[in-house]
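*Asks:* Residues per chain, in single letters:
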Amino acid sequence: MRWLENWFERHEPKGRWSWMESTYDAFRTFAFAPNRVTNSGCHVRDAVDLKRAMITVVIALIPAMLFGMWNIGYQSLHAGFWQNFWFGFLRMLPMLAVSYIVGLSIEFTFAQIRHHQVNEGYLVTGFLIPMIVPVTTPLWQLAIAVAFAVLIGKEVFGGTGMNFLNPALVARAFLFFSYPTRMSGDSVWVAADLWGTDGITSATPLAELAAGMKPTASALDMFIGTIPGSTCETSVIAILIGAAILLMTGIASWRIILSVMIGGGLMGLVLNYDCQIPFYYHYLMGGFMFGAVFMATDPVTAAQTNIGKWIYGLLIGAFAVMLRVINLAYPEGMMLSILLMNCFAPLIDHCVVAQNIRRRKRR
Amino acid sequence: MNLKKLVIEPLRKANPVTVLVLGICSCLAVTAKLEPALVMGASVTVVTAFSNLIISLLRKGIPSRIRIIVQLVVVATLVILIDQFLKAFAYDVSKQLSVYVGLIITNCIIMGRLEAFALSHGPIESFMDGLGNGFGYSLILIIVAFFRELLGSGTLLGYQVIPQSLYDAGYQNNGLMILPPMALIIVGIVIWITNKDNQNK
Numbered sequence: 001m002r003w004l005e006n007w008f009e010r011h012e013p014k015g016r017w018s019w020m021e022s023t024y025d026a027f028r029t030f031a032f033a034p035n036r037v038t039n040s041g042c043h044v045r046d047a048v049d050l051k052r053a054m055i056t057v058v059i060a061l062i063p064a065m066l067f068g069m070w071n072i073g074y075q076s077l078h079a080g081f082w083q084n085f086w087f088g089f090l091r092m093l094p095m096l097a098v099s100y101i102v103g104l105s106i107e108f109t110f111a112q113i114r115h116h117q118v119n120e121g122y123l124v125t126g127f128l129i130p131m132i133v134p135v136t137t138p139l140w141q142l143a144i145a146v147a148f149a150v151l152i153g154k155e156v157f158g159g160t161g162m163n164f165l166n167p168a169l170v171a172r173a174f175l176f177f178s179y180p181t182r183m184s185g186d187s188v189w190v191a192a193d194l195w196g197t198d199g200i201t202s203a204t205p206l207a208e209l210a211a212g213m214k215p216t217a218s219a220l221d222m223f224i225g226t227i228p229g230s231t232c233e234t235s236v237i238a239i240l241i242g243a244a245i246l247l248m249t250g251i252a253s254w255r256i257i258l259s260v261m262i263g264g265g266l267m268g269l270v271l272n273y274d275c276q277i278p279f280y281y282h283y284l285m286g287g288f289m290f291g292a293v294f295m296a297t298d299p300v301t302a303a304q305t306n307i308g309k310w311i312y313g314l315l316i317g318a319f320a321v322m323l324r325v326i327n328l329a330y331p332e333g334m335m336l337s338i339l340l341m342n343c344f345a346p347l348i349d350h351c352v353v354a355q356n357i358r359r360r361k362r363r
Numbered sequence: 364m365n366l367k368k369l370v371i372e373p374l375r376k377a378n379p380v381t382v383l384v385l386g387i388c389s390c391l392a393v394t395a396k397l398e399p400a401l402v403m404g405a406s407v408t409v410v411t412a413f414s415n416l417i418i419s420l421l422r423k424g425i426p427s428r429i430r431i432i433v434q435l436v437v438v439a440t441l442v443i444l445i446d447q448f449l450k451a452f453a454y455d456v457s458k459q460l461s462v463y464v465g466l467i468i469t470n471c472i473i474m475g476r477l478e479a480f481a482l483s484h485g486p487i488e489s490f491m492d493g494l495g496n497g498f499g500y501s502l503i504l505i506i507v508a509f510f511r512e513l514l515g516s517g518t519l520l521g522y523q524v525i526p527q528s529l530y531d532a533g534y535q536n537n538g539l540m541i542l543p544p545m546a547l548i549i550v551g552i553v554i555w556i557t558n559k560d561n562q563n564k
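Those protein sequences? They're chains A and B, same order as listed.
For the first sequence, the residue numbers in the numbering used here are 1 to 363.
For the second sequence, the residue numbers in the numbering used here are 364 to 564.
Among the hints, a few may not be true.
Examples of chain B residues lying across from chain A (beta carbon under 8 Å, computed) [what the hints assert, rightly or not]:
| no. | residue |
| --- | --- |
| 1 | Leu542 |
| 2 | Trp555 |
| 3 | Ile556 |
Pulled from the structure, derived: some chain B residues nowhere near chain A, Cβ distances all over 10 Å [stated by the list, open to error]:
| no. | residue |
| --- | --- |
| 4 | Cys388 |
| 5 | Ala405 |
| 6 | Leu420 |
| 7 | Met474 |
| 8 | Ile487 |
Read the hints as simulated data drawn from the structure, not as lab findings.
On a predicted model such as this, the values are computed, not experimentally measured, just so you know.
Cβ atoms here follow ideal geometry from the backbone N, Cα and C, with glycine treated the same way.
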């Protein structure tokens with residue numbers, strides 16, 4: 001890779017190109033690890049920097065992404081393995097491309113204007129957004145949602161690490177409230193053909209639950225993920241593989257994942273008299289596991305203290321199941337409950353810290 | 364004092380909504396459509412201008428201990444006049460605005476101008492100041508309502524603006540624009556732009 005390094009050396013922006021510094025820096029540090037060190041104050045050095053953490057999350061998302069591609073094809077075609085996969089791949093690719101092109105161009109523009117480094121927060125967000133929307137979402141709506149999420153969800157607060165809401169969920173919430181007919185109902189989850197935005201009517205287990213029925217899909221089908229739903233959220237197995245990667249590398253907090261599941265399970269048991277399904281069905285249906293593993297654990301928007309993480313996770317799980325069972329206008333409650341608790345995370349942390357100070361003063 | 368400056372300044376540099384951040388509630392409530400926003404802007408402008416004028420004329424005679432009550436009486440009288448006027452001549456809009464015409468009494472901009480300006484300035488200057496602040500408020504209302512009605516309903520003042528062919532091609536109205544949170548976000552964006560603009564000067 002010597003030639004690439006030399007190429008970067010030769011093309012360092014100087015003189016009248018020096019305004020391109022942020023963009024140049026982004027590509028150079030993408031290719032090679034930077035050898036800069038902080039030159040004042042104390043600092044902890046760790047092998048995992050922001051770039052590596054983000055790439056780990058993307059790797060953890062890949063099983064769910066691959067399964068999602070296959071499932072898109074399976075729901076539409078019910079054909080052979082490769083045929084299904086190829087169909088899903090062709091549906092997924094434009095959504096990923098739109099998400100990255102729109103999101104990254106806004107990120108680069110803001111980095112240039114503010115003379116910041118371009119950082120990698122968007123690698124994960126851009127990967128997540130196409131995974132949590134219905135497959136028939138029109139691309140122009142996706143583009144507007146991505147622009148809204150990056151601008152209003154992130155950049156107005158100062159960019160990556162400063163946002164208090166999960167940007168991927170902001171994009172989904174924007175779509176959900178702006179174009180409700182394209183984001184819920186029975187005809188958006190399965191693509192009718194390769195290019196169009198028409199859908200085949202097919203109810204998700206959550207829609208069946210909202211209609212007062214018992215889900216027709218068996219627990220095993222829902223566990224494997226061969227059910228209609230948002231593109232990549234259906235398979236619990238693929239999500240658990242991702243969770244294993246995130247937990248082994250220490251990127252995600254096991255406290256949050258566990259407490260979301262406990263909260264959801266308890267609320268499922270409490271509300272069981274009403275919806276007549278075993279409580280563990282809530283883990284298998286819709287985006288519960290996807291939200292618990294990839295969304296609630298976002299280190300920027302989650303609670304930071306250990307006790308805070310337990311409270312934050314328990315409430316996310318409890319609210320999500322409560323919304324599913326009690327508020328039938330919203331079949332899925334995971335997105336709204338995570339966004340709600342994102343808003344409360346700083347308050348939870350504040351209370352935990354204040355409580356700790358009070359306890360230690362009393363000693 | 365420069366009378367022209369009194370009218371021009373509240374439009375941008377000292378805008379009551381974006382710089383002083385007053386009168387936000389009505390800004391969120393009446394801006395889903397352009398027409399009620401225009402009527403609301405005009406009503407607030409009239410009330411601000413004339414209450415400023417009246418209080419300024421009375422300012423030497425008002426004991427300062429009861430000045431708030433006197434101000435409220437003047438403002439309330441004007442608001443009731445406007446309310447009755449709208450009910451008589453623009454019943455539909457008056458229905459759409461519902462309680463928000465009555466709530467002009469509580470609009471912070473009006474009391475703010477009375478306290479901060481009319482009590483210490485002459486009648487003509489006060490009238491101009493009220494007019495300017497009313498225009499500044501109306502300007503923001505119109506900007507917000509313009510985007511909300513255009514993107515949320517595809518119409519302006521009730522007329523279809525976005526062509527039918529676009530809808531046939533798959534375009535959809537943005538439902539979030541009709542909901543109050545979007546008004547808050549648009550006001551936020553306008554404040555962002557105004558602040559950047561004021562910094563550059």
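*Asks:* A separate judgement is required for each hint: does it hold in the structure or not?
*Replies:* Evaluated hints:
1. Leu542: With Cβ-Cβ at 6 Å, under 8 Å, it holds.
2. Trp555: holds, 7 Å
3. Ile556: Result: violated, 12 Å to nearest chain A Cβ.
4. Cys388: For cysteine 388/B, whose nearest Cβ neighbour in chain A is about 21 Å away, the distance exceeds 10 Å, so it holds.
5. Ala405: holds, 31 Å
6. Leu420: holds, 45 Å
7. Met474: holds, 31 Å
8. Ile487: holds, 42 Å
Violated hint: 3 only; the structure is consistent with all others.
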